[in-house]
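With the hints as constraints, model all of the structure from the sequences given.
For the record, the sequence lines run as chains W and S.
Every letter in the first sequence is one number past the one before it in my numbering, and letter 22, counting from 1, is 22.
Every letter in the second sequence is one number past the one before it in my numbering, and letter 295, counting from 1, is 295.
Among the hints, erroneous ones may be present.
Unchecked claim - Partial list, derived from the structure: chain W residues whose beta carbon lies under 8 Å from chain S: (1) N15; (2) S17; (3) D47; (4) Q51; (5) V52; (6) E53; (7) A55; (8) V59; (9) D106; (10) L107; (11) L127; (12) G128; (13) W145.
Because the hints were derived from the structure by calculation, they are not lab data.
Positions of the beta carbon are idealized from the N, C-alpha and C atoms, including for glycine.
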Amino acid sequence: MTSQVAPLLVFGWGNLSRGDDALGPMLVEQLAGLAQMSSGRLECLTDFQLQVEHALDLVGRERVLFVDAAIGLRTPFEVSEVHPAAVAGFTTHALAPEALLQVYTDLERSEPPPCTLLAIRAQRFELGEAPSELALADLALALDWAMAWTRQTEEVPA
Amino acid sequence: MTETVRPLETAAHPQGLRRVVIDPVSRVEGHGKVTLLLDDDNRIQQVRLHIVEFRGFEQFIVGRPYWEVPVMVQRLCGICPVSHHLAASKALDRVVGGWPVPEAANQIRRLMHYGQIVQSHALHFFHLSSPDLLFGFDAAVAQRNIVGVAMAHPEAARQGVMLRKFGQEVIRITAGKRVHGTGSVPGGMNRAVDAAERDVLRAQLPEVLAWAEAAVDLAERLHTGLPKHLVGFAETPAAMMSLVGPGGAMEFYDGTLRVREADGRVAVDGFEDQGYRELIGEGVKPWTYMKFPYRLALGPDAGWYRVGPLARVQNCDFIATPRAEARRRAFVDAHGGRPVHTVLATHWARMIELLHGVEVVADLLNDPAILGGPLLATGERQRSGVGIIEAPRGTLIHEYEVGDDDLVTSCNLIVSTTHNNQAMNEAVRSVALQYLDGQTITEPLLNHIEVAIRAYDPCLSCATHALGQMPLAVTLRNARGEVLDHVHRSSRGDTVRGTRPHSAEAAL
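Set out below in structure tokens:
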């Protein structure tokens with residue numbers, strides 16, 4: 001990474017072919033269309049899921065916003081700070097945001113940039129289905145919050 | 001089909017047995033779990049590994065235009081989308097009469113595939129497996145992960161991440177994008193490699209080769225240093241199947257099928273991929289969605305086999321790159337030339353493959369064919385095609401039939417984890433009998449089972465990883481079905497204990 005890295009990173013993950021699981025990358029794509037990308041202050045990335053090499057995508061950022069679908073939410077979306085934590089696993093097929101930050105900490109020997117998790121309410125993950133109407137409505141609300149996040153110099157209160 | 005019952009697969013009298021569920025839920029509808037049924041003396045009566053495989057993907061493909069398929073199937077799995085991308089392309093090469101593809105397309109595809117092998121193997125070893133080997137199965141949960149590796153062996157952890165990154169970059173310059181690449185199409189490729197991007201990766205090769213050599217060193221050192229009581233961990237003699245290349249060379253992209261018996265004798269050789277249905281059948285059992293492939297000649301009971309690194313390294317006669325071949329010979333010599341079936345040796349074999357992958361990538365980056373030339377071939381249209389490839393976890397089969405209207409009319413996929421279904425079940429039963437039978441269930445003991453599963457790194461068939469899942473849940477019930485204990489470790493690493501069972505436990 002170099003000094004040319006955009007100070008703000010929005011990173012969403014999920015599978016576009018699996019119903020509400022698409023919410024993370026959908027929000028990032030919509031945000032990229034709305035935000036002032038030309039200023040060079042914001043970079044938007046998506047992937048199927050978090051993996052260890054994404055720790056390198058965090059280097060040099062001022063702030064990072066993670067976006068993912070989440071089950072069990074009572075509200076359209078929830079916002080929380082993410083901090084490094086050790087998480088055990090049995091397969092390489094998933095990595096928690098906390099574990100990613102711990103990888104960052106140990107690789108870079110420094111604290112990761114302030115990271116926020118935007119979790120969007122999700123219920124259905126059927127293959128080949130589009131997100132539900134409720135999920136799309138929640139996505140619109142979450143997008144508003146994310147847009148505000150990109151404009152803030154300080155963290156938007158959860 | 002008649003169900004075949006193997007030892008410990010089904011308890012004779014399941015009523016009144018205590019039930020322990022290891023439920024590493026990491027996805028929404030698909031997850032793996034191990035169920036153990038214990039009697040009042042904590043003797044194991046039944047062990048089953050359930051991996052929910054999403055067979056519905058085959059129906060998802062039917063009715064789609066064939067040219068969409070190589071891109072669509074990448075959404076089967078977020079870890080090895082390239083393997084699906086290329087297996088589908090190879091099958092559909094046959095349909096468009098484009099097999100073999102032009103030399104440039106062949107070399108670019110090979111480069112893409114070996115990049116996939118490198119990135120996936122690096123992720124597996126450094127992120128998933130090395131913690132167990134470095135710290136032992138009884139180490140604290142907080143240490144048994146990449147974090148522990150990074151703290152204790154920071155340079156090894158960094159090299160693991162950088163190896164993964166290198167493999168991802170190889171994929172990007174060949175497939176066009178970091179994820180959801182579109183480079184491979186039926187009949188060939190739609191893009192060549194940019195010379196400037198090639199040169200960037202070529203400049204990294206000396207360092208990457210050194211990292212890969214160091215990875216084999218680490219895996220070998222960890223394996224040969226295992227304490228005596230773990231040397232035979234989860235030893236499950238099994239036949240071994242993989243593709244091999246000309247002369248019996250290790251081969252990941254294209255070759256013929258070979259099956260070697262558990263005692264090392266070659267049973268099947270030179271079997272053409274298009275006829276795989278004459279070699280392999282697919283059995284079903286009522287307690288799991290995932291099928292059980294078997295050799296038709298031996299039937300569903302005796303015909304199961306293993307695929308993946310441990311099978312491939314022993315199934316081939318040699319590796320065509322010098323560094324990896326030297327390591328393969330060391331692997332064979334270390335075991336006295338005898339077949340190896342202890343699952344922990346998989347990690348050593350995997351790192352030998354990673355080194356081979358880097359060597360092949362190096363060769364291909366020096367091949368001017370990847371920079372351009374004819375990329376597409378066409379010919380007489382066929383109704384169906386089979387594509388077989390060695391994905392990181394083992395043999396991957398795609399088969400399609402396409403109608404005159406260009407729509408897919410039939411699809412059959414056999415993924416690596418499905419091939420290994422019985423082998424994984426046998427490994428888990430071996431561990432349960434060796435370490436848990438008659439014992440009080442503790443977290444380190446449960447981890448022994450997870451260690452056996454981790455060696456295979458089962459693919460959970462498609463990336464769906466919404467927040468809020470619990471990677472591990474354990475429920476203990478008494479003979480009357482009452483919950484005695486329940487523990488779950490959330491996806492954020494915190495452990496909660498209580499008496500409320502996880503919902504998935506009801507789905508036994």
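Hint status (Cβ of L127/W to nearest Cβ of chain S, threshold 8 Å): Nearest chain S Cβ about 5 Å off; hint holds.
Verify the interface restraint on S17/W: the C-beta must sit less than 8 Å from at least one C-beta of chain S. 4 Å, holds
Evaluation of the interface hint that places D47/W against chain S, nearest CB under 8 Å: With a closest approach of 5 Å, the D47/W hint holds.
Would you check whether G128/W satisfies its interface hint, that is, whether its CB is within less than 8 Å of any CB in chain S? 5 Å, holds
Classify the hint on A55/W as holds or violated, based on whether any CB of chain S lies nearer than 8 Å to its CB. 7 Å, holds
Taking 8 Å as the limit, does the beta-carbon of E53/W come near enough to a beta-carbon in chain S? 5 Å, holds
Any CB of chain S closer than 8 Å to the CB of Q51/W? Constraint on Q51/W satisfied, holds at 7 Å.
Chain S contact restraint on V59/W - CB to CB distance below 8 Å: 12 Å, violated
Would the hint on W145/W be counted as holding, given a Cβ-Cβ threshold of 8 Å to chain S? This interface hint is violated because 16 Å lies over the 8 Å limit.
Is the shortest C-beta separation between N15/W and chain S less than 8 Å? 5 Å, holds
Evaluation of the interface hint that places V52/W against chain S, nearest CB under 8 Å: With a minimum Cβ separation of about 5 Å from chain S (threshold 8 Å), the hint on V52/W holds.
Hint validation: L107/W versus chain S, beta carbon distance must be below 8 Å. Holds or violated? 5 Å, holds
Checked against the numbered hints above, the structure violates hints 8 and 13; every other hint is satisfied.
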